[in-house]
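Protein chains: 4
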Amino acid sequence: MKAVAEIQVIPIGSGVSVRKEVKRAHGILDAAGLHAQLHSYGTNVEGDLEDIFAAVRQIHETLHEEGTVRLSTFLKIGTRTDKDPDLAGKLF
Amino acid sequence: MKAVAEIQVIPIGSGVSVRKEVKRAHGILDAAGLHAQLHSYGTNVEGDLEDIFAAVRQIHETLHEEGTVRLSTFLKIGTRTDKDPDLAGKLF
Amino acid sequence: MKAVAEIQVIPIGSGVSVRKEVKRAHGILDAAGLHAQLHSYGTNVEGDLEDIFAAVRQIHETLHEEGTVRLSTFLKIGTRTDKDPDLAGKLF
Amino acid sequence: MKAVAEIQVIPIGSGVSVRKEVKRAHGILDAAGLHAQLHSYGTNVEGDLEDIFAAVRQIHETLHEEGTVRLSTFLKIGTRTDKDPDLAGKLF
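Chains as they are written, first to last, in our numbering: chain A, 113 to 204; chain B, 113 to 204; chain C, 113 to 204; chain D, 113 to 204.
It is possible that some hints are incorrect.
Remember, identical chains collapse to one label, so a pair may be satisfied in a single copy or spanning two.
To be verified - The calculated lysine-lysine pairs, modelled on DSS-like cross-linking and capped at a C-alpha distance of 27 Å, are: (1) 135 / 202; (2) 195 / 132; (3) 132 / 114; (4) 135 / 195.
Read the hints as simulated data drawn from the structure, not as lab findings.
Using the sequences and the hints, build the whole thing.
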């Protein structure tokens, strides 16, 4: 199922700056072929819902392996049956 | 990977009342064995991250099959490596 | 304007445990007379929208004064004109 | 208190397309002098927290006056004491 999503990953207890972890998360989404669009409050993506979920799981696994103890992720997911959901169609 | 999550599903364009769809979504989470806890702004769950994502996908597929044209879902996901994340541990 | 809301406050860089700050935030909402209902992913409230926003501002001001350097808050806000929004009405 | 925020407004029961309402909400944020940045999952702003909350209240009041029966808004708010929060600083 095709979906659009916004993903924001917050490391908790890693320090006041979370730039390194945010950059890592965005890189994983970008490499996943999900048309990742970075903005100040997360990364917007479009693609198959399973691929989006797989990429989010990979972010959690990777950041934990690299030392982040606790992660809180905020996801917004959009699907629709009347047409293919896409990020450009959500702008005006 | 064990995770805690909050899931809120919003049908768009289905009418001002979304009770039927919200109840359906909660029922799917409940049936998935994820220790579903309903509250006024979503359902909190705990379990394997893959199972949580599978249940969310099932919610979207089921509601679309049953006629909902558009869905917007809000997910909060928590994982940690210092101990097993659980819903009770997030209360005080 | 009457509203319902969910408020989740995340201190960033304060350590892996955020229990103290979360408890403080909930206490401010509770004291604000907003019918605060704690759950594992935040506090649900109902009341006047201005009072809700004032309480959130008070949480940020208080936690910063008490030493938290960085805060990320997630708010869901619901209003409607067909009837008074209330937390109980969002359950089924 | 200076803050950054993301604001996403969802009209419920207004039809499958929510473009008109989303455009209206963004216009109010833009007119409020909050450095509004539109993206596919909301509008990012920076400014005084009171001004941000006032603009969100104005969005709800305006859309309700113009006929939207039910609104669900998602807000992310960031504040910090070590430096002025700004949207550009959240990119890398």
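Each hint tested on the structure:
no.: 1; hint: 135 / 202; result: both (24 Å within a copy, 10 Å between copies)
no.: 2; hint: 195 / 132; result: between (37 Å within a copy, 18 Å between copies)
no.: 3; hint: 132 / 114; result: between (30 Å within a copy, 24 Å between copies)
no.: 4; hint: 135 / 195; result: between (32 Å within a copy, 20 Å between copies)
Taken one by one, the earlier hints all hold for this structure without exception.
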